[in-house]
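Guided by the hints, dock chain V onto chain C, whose structure is given.
There are 2 protein chains.
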Amino acid sequence: MKLPVNLADKFKLFDEYWTPKIVGELNDQYIKLAKLKGEFVWHSHDHEDELFYIVKGQLKLKFRGNKEVILKEGEMHIVPAGVEHFPVAEQECWVMLMEPKSTLHTGSTKAEGSVAVDDQEWI
Amino acid sequence: MKLPVNLADKFKLFDEYWTPKIVGELNDQYIKLAKLKGEFVWHSHDHEDELFYIVKGQLKLKFRGNKEVILKEGEMHIVPAGVEHFPVAEQECWVMLMEPKSTLHTGSTKAEGSVAVDDQEWI
Chain C
30 MKLPVNLADK FKLFDEYWTP KIVGELNDQY IKLAKLKGEF VWHSHDHEDE LFYIVKGQLK
90 LKFRGNKEVI LKEGEMHIVP AGVEHFPVAE QECWVMLMEP KSTLHTGSTK AEGSVAVDDQ
150 EWI
Chain V
30 MKLPVNLADK FKLFDEYWTP KIVGELNDQY IKLAKLKGEF VWHSHDHEDE LFYIVKGQLK
90 LKFRGNKEVI LKEGEMHIVP AGVEHFPVAE QECWVMLMEP KSTLHTGSTK AEGSVAVDDQ
150 EWI
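Going down the list, the sequences are from chains C and V.
For the first sequence, this note's numbering assigns the number 30 to the initial residue and increments by one for each residue that follows.
For the second sequence, this note's numbering assigns the number 30 to the initial residue and increments by one for each residue that follows.
Simulated from the structure, these hints should not be mistaken for laboratory data.
Be aware that one or more of the hints could be misleading.
Any copy will do: because identical chains look the same in the list, a pair fits if it lies in one copy or spans two.
Lysine-lysine pairs mimicking DSS-like chemistry, simulated, CA-CA at most 27 angstroms apart [to be verified]: (1) Lys130 <-> Lys66; (2) Lys39 <-> Lys89; (3) Lys66 <-> Lys41; (4) Lys31 <-> Lys96; (5) Lys31 <-> Lys101; (6) Lys50 <-> Lys66; (7) Lys89 <-> Lys66.
Values in this document were obtained by computation on a predicted structure and should not be read as measured data.
Chain C with its partners taken away, still in its complex shape (with noise of 0.2 angstroms):
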């Protein structure tokens, strides 16, 4: 029987900013753990939804239009599916991201930085 996930250990685990790492999964969705600082890059996911959950700090969702949201420790937002945003995090940031299997990183615009769905990594 697999332990608990302790969200707090994980995350000592990795430094790297924008790498998703999964941590656990169920009904061919992924629990990701993420830390990020800075801006990312504009990107959407055409056919997924996306869970943030902010674990520490502070993330702003740019989306097409001008607008925004906040998102502050202990608070959560659902992208769906085809909605074009942009995260930035000015200081570190770390999130817990709920995406299907097959999501990849950054939908479907190419970037530096990108990670294919395969190169995913279990931490």
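Just chain V now, kept in the frame of chain C:
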């Protein structure tokens, strides 16, 4: 555009134990919040994995064969489909759950206090 969901604020909206409230949906999964205290019932979900993430307090999950895991704040555990489990919260415990929209509260067990899928409430 929806506002972020602040878990602490959502937990202020209800006091009942063992009655999960829906706070989000993505990819045919629901994100639910529940307050737990005392013992629930032995049950399993035939086809659905279920994630428990502890927002506050501590939860024991007992399994058949005298196995158990203790989940503390900031820890998560995924109970695979078909695995019987028996949740026990000696003190009040706040959890975030993730499971398919189709999941019945007590799985294939009929229990007093079990909630039909259609009766589950958004908050």
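Hint check results:
no., hint, result
1, Lys130 <-> Lys66, "within (24 angstroms within a copy, 33 angstroms between copies)"
2, Lys39 <-> Lys89, "both (23 angstroms within a copy, 21 angstroms between copies)"
3, Lys66 <-> Lys41, "within (16 angstroms within a copy, 31 angstroms between copies)"
4, Lys31 <-> Lys96, "between (41 angstroms within a copy, 11 angstroms between copies)"
5, Lys31 <-> Lys101, "between (30 angstroms within a copy, 15 angstroms between copies)"
6, Lys50 <-> Lys66, "within (16 angstroms within a copy, 33 angstroms between copies)"
7, Lys89 <-> Lys66, "within (11 angstroms within a copy, 35 angstroms between copies)"
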